[in-house]
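> Work out the full structure, taking the sequences as your base and the hints as a guide.
Protein chains in written order, with this note's numbering: chain H, 1082 to 1568; chain P, 109 to 402.
Think of the hints as simulated: they come from the structure by calculation, not from any bench.
As the structure is a prediction and not an experimental result, all values here were calculated from the model.
Glycine included, every Cβ here is placed at the ideal spot set by N, Cα and C.
One or more hints might be untrue.
If the Cβ cut is set under 7 Å, some of the chain H residues that face chain P in the computed set are [claimed, not checked]: (1) K1332; (2) A1335; (3) R1336; (4) A1339; (5) G1340; (6) V1530; (7) V1531; (8) W1532; (9) T1535; (10) K1538; (11) D1540; (12) S1543; (13) E1550; (14) H1560.
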Amino acid sequence: MENVASAPASAPAFAYAPAPESRAVVDIAPSYGLFIDGEFTEAADGKVFKTVSPSTEEVLAEIAQATEADVDRAVQAARKAFEKWSALPGAERAKYLFRIARIIQERSRELAVLETLDNGKPIKETRDADLPLVAAHFFYYAGWADKLDHAGYGANPKPLGVAGQVIPWNFPLLMLAWKIAPALATGNTVVLKPAETTPLSALFFADICRQAGLPKGVVNILPGYGDTGAALVAHPDVNKVAFTGSTAVGKEIARTVAGTRKKLTLELGGKGANIVFDDAPIDQAVEGIVNGIFFNQGQVCCAGSRLLVQESIQDELLDSLKRRLSTLRLGDPLDKNTDIGAINSEEQLTRITSLVEQGEAEGAERWSPACELPESGYWFAPTLFTNVTQAHRIARDEIFGPVLSVLTFRTPDEAVAKANNTQYGLSAGIWTEKGSRILAVANKLRAGVVWSNTFNKFDPTSPFGGYKESGFGREGGRHGLEAYLDV
Amino acid sequence: MSDRLSVLKTYKLYVGGKFPRSESGRVYEVSDSKGKWLANAPLSSRKDARDAVVAARKAFGAWSGATAYNRGQVLYRVAEMLEGRRDQFTREVADAEGLSKSKAAAVVDATIDRWVWYAGWTDKIAQVVGGGNPVAGPFFNLSSPEPTGVVAVLAPQESSFLGLVSVLAPVIATGNTAIVVASEKSPLPALSLAEVLATSDVPGGVVNILSGRTAEIATPLASHQDVNAIDLAGADEPLAKDLEIAAADNLKRVLRPQPVDYTEPPGTDRMTAFLETKTVWHPTGSLGASGSSY
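So, in C-alpha cells, the structure goes:
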C-alpha cells in the first residue's frame, strides 16, 4: 500500500459487522388489489403478478394487474371525485396534503424499509434521501393549494381534471410524490400507475390516503405493466398526462396524445456530463462523482454517467476515484453500511450487462474494484470505463446502472462541446474552484439542472426537468404547478 | 402621374439574412381578397426549409448569448423601421385581408405596438419566471429561463401581419431563432417584414421567412432533428395532429393551435412556451447552524 499512485487491486480488508435494519416495522400482506374509488379491488380479469425483492428474489406479494376496464373504472372514479375536490377551498385541500405529509413522516421508517425491500436500493438512501424528500414534497405543495392566485398564472387558475400519471421504478415513492402532490394541490384528481417491479409503496400510499381521510376517488392506484400505462395515457377522459421514464416510451406517449387537448409533461432519460477541471478539489470531486453515478446503483435519470476530466489531472483523479470505489460496500440493501444495493430487476441487469459488453467490444477499457457479488438477486459491480470516445455507445446511451464512462478534455470550450454532444439534456456537474468558470460553463450547458461542486441534490422548491430529448415541463417549485393548471 | 407604370416587386424568401428565391425555382400566385393578382410569391420546398434550419441554428449561439438589453434594443429598432413603412404595410394588409385603409392602418399600428411590447420583455421575463429557490440545505440555487433553441413558427393563416408578429416576436424576444412559415394565402406582409428585419440590426438567421404551402414546408420542419420547438398556430386540425406526431421524434416542444384573438393583449404564454428552466446549484459553505451574529 506504499505506492498510492496505483489503485489497490483488491478491496481493503476492513471487516464490518453486519448492521441490518429491522424488517419488523413493515407488514407486507400476501396480496394487494387495485386502489379504485377508495377501495382495494381485484382486477377485472382477476389477473395478478408477483413483485420480488431484487436483492434476494424473494416474492414479496401478489399484486392485481389492472386491465383497460380497470383503467376506465378508475378514470370514472377520478372524474366523479374531481367535481367536489376541485370545488373545495384551497385551504381545505392544503390540510389534506399537510396531513399526508405528516403521516408520511410518521411512517417513514416503515416506508423506507418497504421501498428498500421492493426496489433493492440501500436503506441509507431510502431512509435519508427518498423519504425525507417525499414528505417535503407534500409539505411544499400543500402550502401552494390556497395560494394559487399568487403563483403567476393569473387570478383563480383552474385545474385540468383527471391526471393520468405513470412513474418509474427507480424512486417509486418519490416519483409518486412529485406527481401526486402538485396534482392534488391544484385541484386535479389522479390515476397513477406505479412500475410493475415496484408497486408496493404506492399501495401503502393508498393506505395513507385512507388514514388522512382523503375523499374517495381523488387518488387511484393501478399497478400494471406497460399496457396498463398505455391504456391510461390513451383514455379519452384523461385531461393531463405526466410520465417519468425512458425516452423511447416518452416519444410513444407524445404520439398518443398528439391532436388531443391533453396536457403533457415528460421527464425522460439523461446522459449527464460531470466535468472536472484541473483546479477542482479532488477529494470533493471524487465524492461527487461517486454520488453522481453510484447513487441508487446509477439508476437515476440525472446520473453523472459521463465523467469529463481535464487531461492534466486525469491520472491523479482516476487513482483517487479507483481507490474510493474500492471502499464501496455492495450487498444487502437493508444493511445500514451498504453503499451499493441490488439492480432493480433481472431485465435491467441484462440491459446493463449488454451495454457494458458493448463498451468492451468497442475498445473501451473496463475496470471494477474487487467486489464479491451475492449469490442470489440482481447485482452489478461498480464499473468505470476509460479510453472512451464520444462515438462509443457507452458514451451516448443511457445505461441506467453503476457504470461510469470517462472522457477527457483540454479546454473549457471543449468540455462544453463534449458535454452538450448528446441527445439528452437533463443534468450536468461542474467541479472547479473558479467562480467565473462555474458561471460561464453553467451558462453554456444545455441541461435542466446543473450542479456545481455538488451533485444529485433535490429539493421540492427547485424546478427539475430536461432540455432536448430529456423531455419537457418542470417538476418542483412554482414551475411544477403549471403542468396541472389550465394556463 | 396616372399613366405611370408602377414598379412591381419580386418577393423573395428571407434565409440567413439574405433574400434568395426558392431553391425549387417555383412561385405561386398571390391575390387580394377579391381575387386580383398581386404578386408571385416563392413556393418554398423542403430544401428551403432545411436551409432555413441551418441558418437558424448558426444564428442561435450569438442571439441567445446576446444580452437581454441588446435584444430589446434590436427589437425596438424593428418597431422603428416598421413605423417608417407604415403606409406600405397598411396597403399590403388591406389587400391581404380585404380591410379598409383605416382598418388596415389600425392593424398595422397594433402590430407595431406589439413589437414594442415584446421589445420591453427581453430583460424582464427572467425575473418574472426565474429566481432563487429556498432549498432546505446549505445551497445557493437559482432557476433561470433559457431559450429552447430553433423554433419553427407556422404563422396564423388569417391574420397576415398582426397574427404573424404576435407569434414571431415572443419567440425571438426570449432568445430563440425562428423559421417562419408565412400565411399561405397572404404571405406578402411577412415577406415585406423580412426587409424590415434585414435593416433593423436583427442578425442574419435569427428570423427566416418562407412562403408557400404550409403543409409542404411544415412537414420537414416538424420532423427535423435540429428543430427544438414548433408553434402550430397556422395549421388546421388534421395537419396539426400529423405535425405533432412528427414532432415527437425528437421531443420538440409543441404549441398547439388554439383560437386566439390577436387584437387582445397577449399574456406571457407564447414566451414561456419556448423557454427551458435551468436550475443551478452550488454549496454555500454555510458557517454553521448559529450563523453570524453581526
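> Hint by hint, say whether it matches the structure.
Each hint tested on the structure:
Given the 7 Å rule on beta carbons, the hint for H/K1332 holds: about 5 Å separates it from the nearest Cβ of chain P. With a least beta-carbon distance of about 4 Å to chain P, the hint placing H/A1335 at the interface is held under the 7 Å criterion. For H/R1336, the shortest C-beta to C-beta distance to chain P is roughly 5 Å, which falls under 7 Å, so the interface hint holds. A cut of 7 Å between beta carbons decides the hint on H/A1339: the least distance to chain P is about 4 Å, and the hint holds.
The criterion of a C-beta within 7 Å of any C-beta in chain P is met by H/G1340, whose closest approach is roughly 3 Å, and the hint holds. Taking 7 Å as the C-beta cut-off, the interface hint given for H/V1530 holds, the closest approach to chain P being about 5 Å. For H/V1531, the suggested interface contact is upheld, since its CB lies about 5 Å from the closest CB of chain P, less than 7 Å. Here the hint on H/W1532 is kept, as its CB sits about 5 Å from the closest CB of chain P, short of 7 Å.
A distance limit of 7 Å between C-beta atoms decides the matter here; for H/T1535 the minimum to chain P is near 5 Å, and the interface restraint holds. Because the closest C-beta pair between H/K1538 and chain P is about 5 Å apart, less than 7 Å, the hint holds. Annotation: H/D1540 was flagged as interfacial toward chain P, and the flag holds, the nearest CB pair being 4 Å apart, inside 7 Å. About 5 Å separates the beta-carbon of H/S1543 from the nearest beta-carbon of chain P, less than 7 Å, and the hint is met.
Proximity of H/E1550 to chain P holds as hinted, the smallest CB-CB distance being about 5 Å (cut-off 7 Å). Annotation: interface hint on H/H1560 holds; nearest CB of chain P at approximately 6 Å, less than 7 Å.
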